[in-house]
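**Student:** Here the protein sequences come in this chain order: A and B. The first sequence begins at 1 in UniProt numbering and counts up by one. The second sequence begins at 1 in UniProt numbering and counts up by one.
Note that these hints are calculated values from the structure, not bench results. Don't take every hint at face value.
[As the list claims (entries may be wrong)] Stretches of chain B that chain A covers, calculated by requiring three or more beta carbons in the stretch to come under 8 Å of a beta carbon on chain A:
| id | region |
| --- | --- |
| 1 | 147-158 |
| 2 | 256-264 |
[To be verified] For lysine to aspartate or glutamate, the following EDC-like pairs were computed, each having C-alpha atoms within a straight-line distance of at most 16 Å:
| id | chain 1 | residue 1 | chain 2 | residue 2 |
| --- | --- | --- | --- | --- |
| 3 | B | K563 | B | D536 |
| 4 | B | K683 | B | E729 |
| 5 | A | K92 | A | D104 |
| 6 | B | K164 | A | E266 |
| 7 | B | K683 | B | D656 |
| 8 | A | K22 | B | D345 |
Computed from a prediction, not measured in an experiment: that's the story for all the values here. We put the beta carbon where it would ideally sit given N, CA and C, even for glycine.
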Amino acid sequence: MMKYLVAGALALALAASPAAAKTLVFCSEGSPEALNPQIVTTTTGMNAGRPMFNNLVEFVPGTTQIVPALAESWEISPDGTTYTFHLRRGVKFHANAVFTPTRDFNADDVLFSLMRQWKEDHPFHGTPGATFDYFRDLGMPDLIRAIEKVDDHTVRISLARAEAPFLANLAMPFNVMLSAEYGELLLRRGEPARLDADPVGTGPFALVGYQKDIAIRYRAFADHWNGRQKIDTLVFSITPNPAVRLAKLKAGECHIMAFPNPSDREAIAANPSLRLLQQEGLNIGYLAMNAARPPFDNVELRRAVNMAIDKRAIIEAVHQGTGTVAKNPIPPLLWSYNEAIEDYPYDPAQARRLIAEAGYPDGLDTDLWYMPVNRPYNPDGRRVAELVQADLARIGMRTRLVTEEWDQYRVKLQAGEPPLALYGWTGDNGDPDNFLNVLLGCAAARPGGNNVAKWCLPEYDALVTRAKATSDRSERETLYRQAQEIFKREAPWVPLAHSIVFMATRKEVKGFGIDPLGRHVFEGVDLDGEASR
Amino acid sequence: MRIRDKIMLVGGIPIAIAAGIAVAAWLLLSEAERARSGAVLAGAIYRDLLVAMTIRDDYVSANPAERDPHTERFREQAASAQVQLASLGPLARTQAQRREVASLQDTLARYVARMDEYIAVTTVNDRLIAEMSLRAARLVNLADEARARQHASNADIITTLTEKDQQLRRLRDIVDRAYQLRATLWGLQTALQHSDGHDHGFAVAQMRHAASGLAEALGAGRGGAALELGNLARAAAAAGPAETGTVAERLLAWCDRLLKIEVTAQRALQEEVAQLLTYSVEANETEQATQNVAVSTLKLGQETHEALTRRDADVAERKLARSGELANIAAALPISPLIQTDMIDAITEWRERLGTTIEGIRKQNAMIADMDRTASAMVAKARSLNDLFTGDADWLGAFIGHVLVIGATIGLLFGSMAAFAAARSITMPLRRLQGSMLALAADPLAGRIAESDRRDELGDMARAANVFVTEISRRERDLRHAKERTDETLAELRQTQADLIQAEKLASLGQLVAGVAHEINTPLGIALTTATLLGDEAQEFERALDGNQLARSRLAHFLDRMKEGSRLLFDNLGRASDLVHSFKQVAVDQVSDEPRRFEMKGWLEDVIRSLGPLLRKTRHAVAIDCPARLQVATYPGALAQVLTNLVINAALHAYDEGESGRITIAVEEAPDQLRLTVRDDGKGIAPQHLGRIFDPFFTTARHRGSTGLGLHIVYNLVTNKLQGRIDVESRPGVGTAFRIEMPKQLAGEARAEALAAL
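Chain B extracted, bound-state conformation (with noise of 0.2 Å):
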């Protein structure tokens, strides 16, 4: 078998192993989450009926006004009850569990249902005992509106009686008066039976004052009977003996007459009085009962208000019997018949929601009471609903420690025994193979390794070492072999390095040599003309003196021409003749090689005048500056090339067609080093170029001819040669900088040279 099948048998195993336990410790481990969720749940429940039973014993004892909160509180009690039960359901994990919740769900609905109906009731009763109030209210109101109206009545009354009284007054004299006049009638007819004159008289006089007094009770209202009595009362006194019986009698039947109208009168106005008295008394004894009524009622609908909201049905029935009298007592009252109705009613009403408030009292207290009794179920439910799902939760976290502790101790051992077996067919077939290769490191060429022939991955390995091993022999020989090549190659590319520098040489040596030339060209070329002129001024004397035509300012004049032809021939051919001096040495210079000793600011400006010719071309200026007497011993031609490429490239590469730019060489003495400068205001080198200006054949101008040695070249001179080091600054559109750092002195054998030189 091979070895990756080996470790995986011994690490698969115990990772089966283990993978087996922790997916039954997984499921365990769920089922007992599930469990101890349905546990809390069924916690949560258990507390929340509590809440709700709580919320429904403030409801049934709140105030009417204050029932709204319980109600919505109460719902959300049992929605979350009912929500949480919901989710319990599948959290069951046993047939008991469902049934609990199952029954406790039906239970819980129940209540709720009961508690809704509870509710509805409450909602009419409260109503009906409102109304109640407003009733019994209303009836005081009644009561308040006859007392008004029997006050105004009884002021009515009051006059009324007070005019019976004074017509009852006038009724009594006139009577009075008139039973006078009888009795005066009554003696004048006893006076006319005696039949002696002088009583009649008398009796007629005792009658018509009488008659005149009679007269004066009638007065004004009665005024056609005292008009009667006053014609009677005169005739009888007229009247002789004879006939004064007969007027007599007349007068006495009119009296008569009026007596009999005004007595009956007088008991009619009495009995009027009478009855208005009884009719006032009794009207304010009816207001004071029908006030009492009111009151009563009212005060009975207080004590029933105070039994409705204890829910003390019997003493509300008892109050309802007292009702029904008192409702009796209002109709049997000669109470104001425009309120009595409406009292009737209002008490009628009132008994009436009462029947009904007290049934739908008696049936809250039924419903409560079975509320509670469903409420008890509930709870007993919801108790054991928890026991079972904890006690479910308790057994599982058991049986997982068990499942836990048999699996991995199984799995432990399992495990251990096929490692160990494994390992073994490993470790020792690798430790004889690890000795082989041991050997073939020290020895390559040792031979063949013996567990070549394994099947398994340490054959393979051997087999591969194997094949390292001729390999590696083979690879040495071939890489000998490239690195001859290689050797041969690199002195190639020295060899054409030098071959290129030295053209390079050539080549500026040759552009000195063009430039000399040229230089040298012009003042020669004045030199020649002036010459020229001289010769025809002299010829041109010769032949003014042959013609004796001389006069003495001719001869001035020719004397001056020929002192300026001179003075001219002199400064041109002096101007050359410095300029080849210049150049030779400079050539010398870049041909020989050799180090000397120099005086810097002439060397410099002989420099830069033998790149005149090149530089004229452009219209850049260059300045020299350098402290005078600085003497310097290095290789001339060395620094000239470096200093002509420096300047050239400047001149070249730092400036546009047609800018004029300054290039500006600078010298700085230090104890043993001289820092040189050359510094152009152009338009700089661009920093990602500037690391790499220095690299062979690296130019920007390639299109322009420029082979990209010459800063190569300068490198290369500054350090090799001149023992020295080259920097560059640039910024671009400002300038570039080029500092040379060299010793003044060369190092060594330079020295005692360069002092022989001199």
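The following block holds chain A by itself, in its conformation from the complex (with noise of 0.2 Å):
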């Protein structure tokens, strides 16, 4: 009994030894709404689940080039419809405070992250809190037809239609893979909800602890299928306003920081222990009008509030000059964006008039809602609200100021509560339909749903739908200028900018690059000479 005791005790000494451990900070601009990838939709929230997680097919990252991961192969079926996995052997799951893996990733754990999503019945399906928005907005659930365990290491995947962007729907964020046994294991010590609060996945980093609005931290996972990380610890130090950020940043607290103003980038890139990292967004900044309800069902009060808005105003005074003006729902840099159209002209006196014409000559009052954090799409949205604020104003339409925090904003939004609120989106594989389908379909305007104007017109859905069932890209880009038109029209929303994003770091991390969909992707980063400094 002695023995073990001192074997344990010797082994306790070795295994945690107070050799100073690399850690790299990373200030995030915001808490995610949670850290199961499966649940969010904000790249915040992805971006805090990305460190703990692989997909079946991933991304290379700074570009949507698709390649393998936990899958190591797949077939495709000449129509399209059906797709078979051959998964990589070897990969481990972490270990936490309740849960020791006892076998490697196989077909099961495929098939419980992808049921859980889809089937109703699934026993984690119904966790408060747990919503799969993006599952749905992209139509998954309609979509697969079957999902079969072949073997340990084979899955297939068959769907009732083809879907050209199915192979990089399954690289996004959404589509993680968990741990059916650490699914087992809750629900036999009955804590469903844990799945999500305290996961387990794959990824190079485990969790550590989430407190939120302070920290997100995360420790290396030595049996990483790809090789350990050089850093030892990642955290994410959130610290919501910017010029705090670029302070700690300077002051060593935090190695990267995210989206800087955009008027401290001359100070940034002068700052000889700092670097600057800029990239054209991939990304749209919006007011969407809730068009589900009035006042803004009526469509030419959406028109008037598209010329009342001095969107030059916005691009000079919050990005700086760093962005572009919007006129589509989708950025220049995409394919089938459609240049050909024109932007409603700023024209505050045609806004008046327009209207009164709507019925409201004594103007009206509304919310205008904006998002209390940095966004890629919107360095300042406050700033931007009060800009609009002004501009509304003008036209008689006066707006009191809202705002909730992040993660419920982003609910608030989905459910539909604003009439108007400042939004965006960043592209999250690089395909027109992750813009134009998920943030406009029909699909996506129940509540929940990421169509946050709430608006669904048949003869639109119908194009981006048939646009999504093939893989022809000259008949998808005819059907997604049509689209575009289409959404000119009826303007749902007030496009605002394109933003260029901007990232900063130390000069002392590593392997650290700045992607147009807006992942902050912190595998292989890592800190030049001073370990934790």
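Got two chains here, each in a separate frame; can you build the complex from them with the hints?
**Tutor:** Next comes the structure, spelled out in structure tokens:
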């Protein structure tokens, strides 16, 4: 007995040595709405979950090129409806305080992860707070016909119809692979919510702890199938204010910061210990108008709003010139962008007339919602809101500025609460469908869907649905161009800006790149020289 | 029974008894010895165990750094106790003792095993405690690092705040002036509505003034906006009343736009400043809290360390609970993420180690209690063991005493009785025998002894005595016969000696005669020759005379020759006559052997002369050193013989072939005595021969024909006839000296006769 005690003590002593660990701190812009990417839609949430998980297939960071990840190889049937995946062997799951995996990743985990989002009778489908919006917004529940386990390392997914972006969708954060064994254990313990609150995945980092609005802490997973990270500890230090983030970055309290103020970019570039990263974002910042109920169910009113807003002032003031005025719901980088469309002119007088014709001669009062955190498509939600407020005030629309905690903000927007809301989107897979369908399709117009404007036009929906079904790019392009024209006509949004995305890092950070899809990829990042400073 | 057997019996019984007692005593003593050494050993073991227990206490209460010496000592002590116990085993005599020894060995082994376990646990614990201190210290370091960073950050924030403040000021300026411009525009519009011209100009002037003020506020940073403003203002000023309205509208719109932007910018900037300030303050508070956490942890660590050193597990548990709180605080605080993970890890590890250590301490305490129980059992056993052995030894001692006393008593009694009986059976016949022997001693012919019929030693003695007596008589007879024969032999021997001496004398006399003859021959020969020559001369002269050739010179020549011739004849014949005289005297002396008075010096010369021929054969020189007018009265013959022998001895034996030596005869006169020393410088006599030279027939030159009687005769003559003493001194390689001391006058009748002879 004594010997075991001694041996145990020695093992402890050896295991947790007091050597300084390499810690990488990322000053993030806000708290994620959840840690499990299955149930988030914001890039904040996706970035918070990304270190812990892998998908069947993944994008090469910085691109939209698909490469094998947990699936080593796959075959697609000629009609595009059957995908057979061959799973990688020797992939290990994390362990945590209650769970120690007894087996490697296999087909059971694939089924568990996908079925959970799909099947309503899945034990984890009805977990409170879990709404799988992305899965539904992409129409996956109807698209998938069957998911079969062929053997321990082979899974076959049969679709109801061919879907060109299906593989790209599988690479999206909401399709991460969870541990079926962990799920069983939690069910036995009667703690199903822990699946999302205390997630277990196969990713390069394992969760240590999450304190809302303070920090998310991860530790490098030594048994990751792609090798152990050089960084020992990863911390997301949640700092909503960009000036504070910059102060921390300069002090060395964090190594990477999200979305510095565009006004600080020169100072950052001039600072010898910092590095400025910038890239044109595949994004759109917009003002959504709730088209499902008055007053903005009136298309004339919506057009009036479009004409009232001085977009150039926003670009000048908030984006400090690092952005472009948006006229379409997809950014100019994306294929099928319809540059022929002409934007509504900035004409407050005309807007005034339109608003009176719409039945509001004395103007109207309404709420304007803005996000409390920086977004890649919107460096300062409040200021944009104030500018918009001033513009609208000129045409007699008196707005009250409203905001919510970021995780709640999204929920409220997706629920369709605000009449006017500032929002935006960064493309998640480089496909126009990700904008035109996910944000404006009828499937997403349901409460909880990503169609914040709650605008459902069957004419438009048919176009984007057809475009999804075919893999013929030129056909899709035609359809999407038409869709954009309809969008212009119906004006459910005021498209505001496409921005250049900035990130700033300290000089000693190596291997971190800015990503057009807004992903913060920490896999493969290393710190030069002094370890945990 | 023979006496020998009786004696053996008498002697043997006590001896046997004594031996028996001795063996018994020896066995018992060795047992007792065993028992006693067992007792001593048991005592030593008892003490060793006590010492071991004390050492264990020392170990338990010692500082971690000082534990090792106690470990060493404990091991030594335990090992020595075990060794002693092992050697006690064989010393155990009873079953009870053996059982007790085995039992104590087991208990000791258990105790030692427990102690080893305890040492193992303590070692681990000590190390854990040391590590905990390291961890706690680490926290303070981390907090210090964070504070340093915070200070740097604060300095930077201050700079940033200052900049932003300046920006705010500028913005405020712009906004204020924009509002002023707006006011003037409003005034301008009002003036337009009045349509009387003079207000218009004033309003325009106001507007222009405000515009330039705004342009100034915009400054270099917003050059584009200032330019636009300038254009618009000029347009507004230059416009006629008709267009002024429109231009004013445009300027107003522009102004509103500017205000929109700058006001929102101002708010955003204020927000930033507020956030930065909040952040700075919060950061300071956090840093303070971090410091507090670190200090609390350190303090907690110290208190825990004290508790651990005291092995107070309960207090340590409370500290563990408190540290859990600290860990939660550390996790909850917005500490710099850079150190938060490390801090939480450090605290967690510290807590884990503490948990393990507390368990270890509980173990330790349990072990100590167990060891104490074992120890008391051990001590009790050791004491009982000690008692067992001591009791055993005591009992053995008493037993030996009894055995000795009883045995000795029996032996004494039995032995005395047997001795008495045996003695009687011996002494009575012995006394009878004694009587018989005495009688026989008085009269050897008294007859046989009665006891000779006995079969024991006395009988043997009696028979032997008989035999003695017979034997004695016979031997007496034989002895007498032998004596008579011996007397006869002795007489024969003396005769032979006298004959030999006589022969020697005759021999030397013969030698003397030969020598004399030779001596005389020489002068006589010369005389004869000379006479012949003279005869011849005379004849010649006669012839000359006859021939009448006689010259005076011839006559002179003839006379010279005659003179020379007659001288020669006289000398030589005289010499011959002297010689004869000397020899005669010597010979007479030798032969007659009568004492007479004579003058020493001349006599000596005579004697030496007589030896001349002999001496001339050698190259030796004889010197005489004698005072003149020394008269002696003694046997000259004997003395001459003595001297002769000595000189000849020296000449013949003292030198090697061809050597020439010096022989000195020195005479010294004393009142009554005469000392005569014959000395030579030859090779001397070897010391081992010196004692024997006067022995008859002793010679070292028998191969040369020496008889060995010379010095014997000398000795006899000196001591008997001359009534003197002779002494020899010799040093090999130097020389020999014979010293004779004799009276100048012979004693008694010799004197009278000597006088008469004169």
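**Student:** Evaluate each hint against the coordinates.
**Tutor:** Here is how each hint holds up against the structure:
Only when three residues or more bring their CB closer than 8 Å to a CB of chain A does the claim for the region 147-158 of chain B stand; here the count is 6, and the claim holds. Coverage of the region 256-264 of chain B by chain A holds. Counting CB-CB distances below 8 Å, 6 residues qualify, and the rule asks for three or more. Distance check on the hinted pair: K563/B and D536/B sit about 14 Å apart at the alpha-carbon level, within 16 Å; holds. Straight-line distance between C-alpha atoms of K683/B and E729/B comes to about 12 Å, which keeps the hinted pair within the 16 Å bound.
For the suggested pair K92/A and D104/A, the alpha carbons sit about 5 Å apart, so the restraint of at most 16 Å is met. Distance restraint check for K164/B and E266/A: the Cα-Cα separation of roughly 15 Å lies within the 16 Å cut-off, and the hinted pair is therefore satisfied. Restraint check: the Cα-Cα separation between K683/B and D656/B comes to about 8 Å, which is no more than 16 Å; the hinted pair holds. Taking the CA atoms of K22/A and D345/B, the gap is near 13 Å; set against the 16 Å cutoff, the hint holds.
Taken one by one, the earlier hints all hold for this structure without exception.
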